[in-house]
Amino acid sequence: MLLHHDFDRWAAETPDAIALVSGDERVTYAELSRRGARIGALLQGQGVARGDRVAVLLENRIEFVAGLVGILRIGAVFMPINPSTKDDKLAYMLNDARASALLTEDTLSFVWGVALAQSPTVKSVVVTGDAAAPAGVTAAVLPWPAADLGSIAPPTLIDQDLAAIIYTSGSTGFPKGVMLTHLNMVSACRSVSTYLGYRRDDVIYCALPLSFDYGLYQVLMSFRLGACVVLRANFSFPVKELEIMSTRQATVFPGVPTMFSMLMALKNLDKFDLSRLRMMTNTAAALSEDHIHKLRALFPQATLFSMYGLTECKRVTYLPPEQLDIRPTSVGRGMPNEEVWLVDDAGNRLPNGSTGELVIRGSNVMRGYWEKPEETAKRLKPGPIPGEMILYSGDLFRTDDEGWLYFVARRDDIIKSRGEKVSPREVENAIHSLEGVYEVAVIGVPDDVLGQAIKAFVVTLPGVRFTEREVIRHCLTRLESFMAPKYVEFVAELPKTGTGKIKKTGLA
Amino acid sequence: MTDYKTPLRKFIQDNFQMGSGAAAFSDADSFMTRRIIDSTGFLELVMFLEETWAVTVADDEMVPENLDSLEALQGYLTRKRGA
Numbered sequence: 166m167l168l169h170h171d172f173d174r175w176a177a178e179t180p181d182a183i184a185l186v187s188g189d190e191r192v193t194y195a196e197l198s199r200r201g202a203r204i205g206a207l208l209q210g211q212g213v214a215r216g217d218r219v220a221v222l223l224e225n226r227i228e229f230v231a232g233l234v235g236i237l238r239i240g241a242v243f244m245p246i247n248p249s250t251k252d253d254k255l256a257y258m259l260n261d262a263r264a265s266a267l268l269t270e271d272t273l274s275f276v277w278g279v280a281l282a283q284s285p286t287v288k289s290v291v292v293t294g295d296a297a298a299p300a301g302v303t304a305a306v307l308p309w310p311a312a313d314l315g316s317i318a319p320p321t322l323i324d325q326d327l328a329a330i331i332y333t334s335g336s337t338g339f340p341k342g343v344m345l346t347h348l349n350m351v352s353a354c355r356s357v358s359t360y361l362g363y364r365r366d367d368v369i370y371c372a373l374p375l376s377f378d379y380g381l382y383q384v385l386m387s388f389r390l391g392a393c394v395v396l397r398a399n400f401s402f403p404v405k406e407l408e409i410m411s412t413r414q415a416t417v418f419p420g421v422p423t424m425f426s427m428l429m430a431l432k433n434l435d436k437f438d439l440s441r442l443r444m445m446t447n448t449a450a451a452l453s454e455d456h457i458h459k460l461r462a463l464f465p466q467a468t469l470f471s472m473y474g475l476t477e478c479k480r481v482t483y484l485p486p487e488q489l490d491i492r493p494t495s496v497g498r499g500m501p502n503e504e505v506w507l508v509d510d511a512g513n514r515l516p517n518g519s520t521g522e523l524v525i526r527g528s529n530v531m532r533g534y535w536e537k538p539e540e541t542a543k544r545l546k547p548g549p550i551p552g553e554m555i556l557y558s559g560d561l562f563r564t565d566d567e568g569w570l571y572f573v574a575r576r577d578d579i580i581k582s583r584g585e586k587v588s589p590r591e592v593e594n595a596i597h598s599l600e601g602v603y604e605v606a607v608i609g610v611p612d613d614v615l616g617q618a619i620k621a622f623v624v625t626l627p628g629v630r631f632t633e634r635e636v637i638r639h640c641l642t643r644l645e646s647f648m649a650p651k652y653v654e655f656v657a658e659l660p661k662t663g664t665g666k667i668k669k670t671g672l673a
Numbered sequence: 023m024t025d026y027k028t029p030l031r032k033f034i035q036d037n038f039q040m041g042s043g044a045a046a047f048s049d050a051d052s053f054m055t056r057r058i059i060d061s062t063g064f065l066e067l068v069m070f071l072e073e074t075w076a077v078t079v080a081d082d083e084m085v086p087e088n089l090d091s092l093e094a095l096q097g098y099l100t101r102k103r104g105a
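Chain order of the listed sequences is A and B.
Adding 165 to a residue's 1-based position in the first sequence gives its number in this note's numbering.
Adding 22 to a residue's 1-based position in the second sequence gives its number in this note's numbering.
A hint or two may mislead.
[Stated by the list, open to error] As a list, the in silico DSS-like pairs of lysine-lysine whose alpha-carbon atoms are at most 25 Å apart: (1) Lys-432/A - Lys-32/B; (2) Lys-581/A - Lys-669/A; (3) Lys-651/A - Lys-668/A; (4) Lys-102/B - Lys-436/A; (5) Lys-102/B - Lys-27/B; (6) Lys-666/A - Lys-543/A; (7) Lys-581/A - Lys-537/A; (8) Lys-651/A - Lys-669/A; (9) Lys-543/A - Lys-581/A; (10) Lys-102/B - Lys-651/A; (11) Lys-32/B - Lys-666/A; (12) Lys-405/A - Lys-436/A.
What the hints contain is simulated information worked out from the structure, not anything from laboratory work.
Bear in mind that the values here come from a model prediction, so they are computed numbers and not experimental data.
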C-alpha cells in the first residue's frame, strides 16, 4: 500500500467527486489525477527517478496537490517547504537533500532565483505563472504543464521507500530533514483519520500551510476517504475565512491556537452559519483551559480534539472529546496502532503517575533524519523487540493515575510560536549577522495569541545603536516571519555561566 | 483628498518588507501576494490605522478589499473618514 493508492482508487471509482476547492475553482478527483499525471510525466521526462528528492515551494493551491500526486506516482520523494522561507535557508535545504527538481511559483522567484544560484543539484524548476528564468539560474525553468504529456512509466516502489522529507527546526540552528516512508505516512494517515472519524461526505477547511505536516495530512486524510478539501492560503482575515467556511459548508476545521485566538477576538461570530461544522481539531501547541471553554461555547455544534504531535511521527496523542471536561489540560493518549509511554533518564519504563520523557513506538515513526546519523541516534533508539527502533520525543510529560498524558516541558530550548518550531540558535545567528551586534540571546516568552513570542536580548558594540524595529526588520529579511522577534531588549551585558557561555535561565 | 498612501507606504517600508524582492511595490500590489505583510502584520497595520487616524476598524471591515494594498487602504480610509 503506497501513499497515493487511495487517491488513485477514488479517481477511478468516483471521478466526478470534488477533491479540492480553491478560490472559485472546484477540481474533481479525475481532473486532479490528470493534473498530477502531467506533472509526474514532466518530471520523469526531466530524468527525475525513484528516490530523487523534489522540493515544493508553493502556497496552498491546487498545483501543490497536483505536484504531490505526480511526485508520489513517479516514486520520487516529496519535500514540502514553507513558502515564506528565505533564500539562504531554501538553498541550505535544497543542498542538504540534494534535490533534483523544484516546483514553485513566479511570485516567489525573488527567493528561489537566489537560492538556485547556490544549489547545483537542482536541474529543473517547474513554475506556475510566468516561467521566466531569473538571472544566474542555470537549471531548466519550465512552465507548469497545461496539457497531457503521455503516461508515467510506473516505478518499482514498495512501502519502505521514502514518500517525503519534511524539514524541521533543530536546536543546532540548521533544519533537519525528517525521512518518512510510504508506510510511515499511510500508517499515520489511517490512525489519525480513524480516531477523528473523518468521513467521505466531509468538507475539510484547510488554512494550515500544506508545507506543515498537519496541513499536508488534511489532504492525505481526505484522499483516504474520498472527501473534499477547501484550500485557503492563510488565515490573515478571519472574517473572510468564516465566510468561506459558511458558504462552503465546512464540516471539519483543523487549526492551531493562533487561529482559534483570532476567531475568539471577533465580536460577531453568530453572523455566520456554521451549522455544518462538526469538528475542530487543535495541534502544534496546547490551547489554554480558558480558550477551550470559550471555543466550545462559541461552537457548541462541533466536537473539539486536543492533540500533540511531532513531525518525526506525525501524531503522538489525542484527547477524545468526551474527556475534555474531565481532564481539559491533558493531551490524551496514544492513537490507534501506536504505543506511547514515559521513560526515566536510563530508558526504563515508568508507571502511571510519573514524569519522564515520552517515547513512541509504531509504524508511523520516521526512518531518521536525512544524512544526520548522530542526530538520528539521539532520537531513534532500540525498542523492546530486537532490531526495532522507537522514537524519543525529547519532551517531558507526566501521567495521571489512569495514564492520561500532560505536557510538562521540552528538553531542548526550541520555542513554539504560532504553532511553529523556532530554533533560538537560528534567530541568534540572523541577529548576529547584523553588523554592530556583539552578543545576542533569544528566548520564548508567554503570549496570548502566539503561544510563545520570540524575545531577543541584544548587546551592541560600543557606539552602535539600533532600534527594536531595525532588528526585527533585519530578521524578517532572513527568517520566516514566525521566527522574527516580537520584542528586542537592548542590554549592557548578558548573564554568563562559569565557563563563559550565555546563561538564559535568568532572562525574561 | 487626504493622501494616506504616502504615510502608509513609509510605515510598511519601516516595519515589514519581509521579502527582499518586495522592495518596490506599486499602489495596487497585494501585500499578501507580494509577501509584504503576513497575518500578524495585518494586525499591526490595523493598530497603526487606529492610532494614526483615530478610526475603529470593525471586525467585518478587516477584509482584503479594505486592507490588502495601498489603493485599498486609501479607499477604505477615505470612506471611513470622509474625503
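Evaluation of the provided hints:
1. Lys-432/A - Lys-32/B: 31 Å, violated
2. Lys-581/A - Lys-669/A: Holds, because 17 Å separates the two Cα atoms, which is no more than 25 Å.
3. Lys-651/A - Lys-668/A: 21 Å, holds
4. Lys-102/B - Lys-436/A: Holds, at about 22 Å.
5. Lys-102/B - Lys-27/B: 15 Å, holds
6. Lys-666/A - Lys-543/A: OK: Lys-666/A and Lys-543/A at ~23 Å, within 25 Å.
7. Lys-581/A - Lys-537/A: Holds: Lys-581/A and Lys-537/A sit about 23 Å apart, inside 25 Å.
8. Lys-651/A - Lys-669/A: 18 Å, holds
9. Lys-543/A - Lys-581/A: With Cα atoms ~21 Å apart, Lys-543/A and Lys-581/A stay inside 25 Å; holds.
10. Lys-102/B - Lys-651/A: Roughly 30 Å separates the two Cα atoms, so the pair is violated.
11. Lys-32/B - Lys-666/A: The given pair, whose Cα atoms are some 40 Å apart, is violated under the 25 Å limit.
12. Lys-405/A - Lys-436/A: Holds - the C-alpha atoms of Lys-436/A and Lys-405/A are around 12 Å apart, at most 25 Å.
Hint compliance for this structure: hints 1, 10, 11 are broken, all remaining hints hold.
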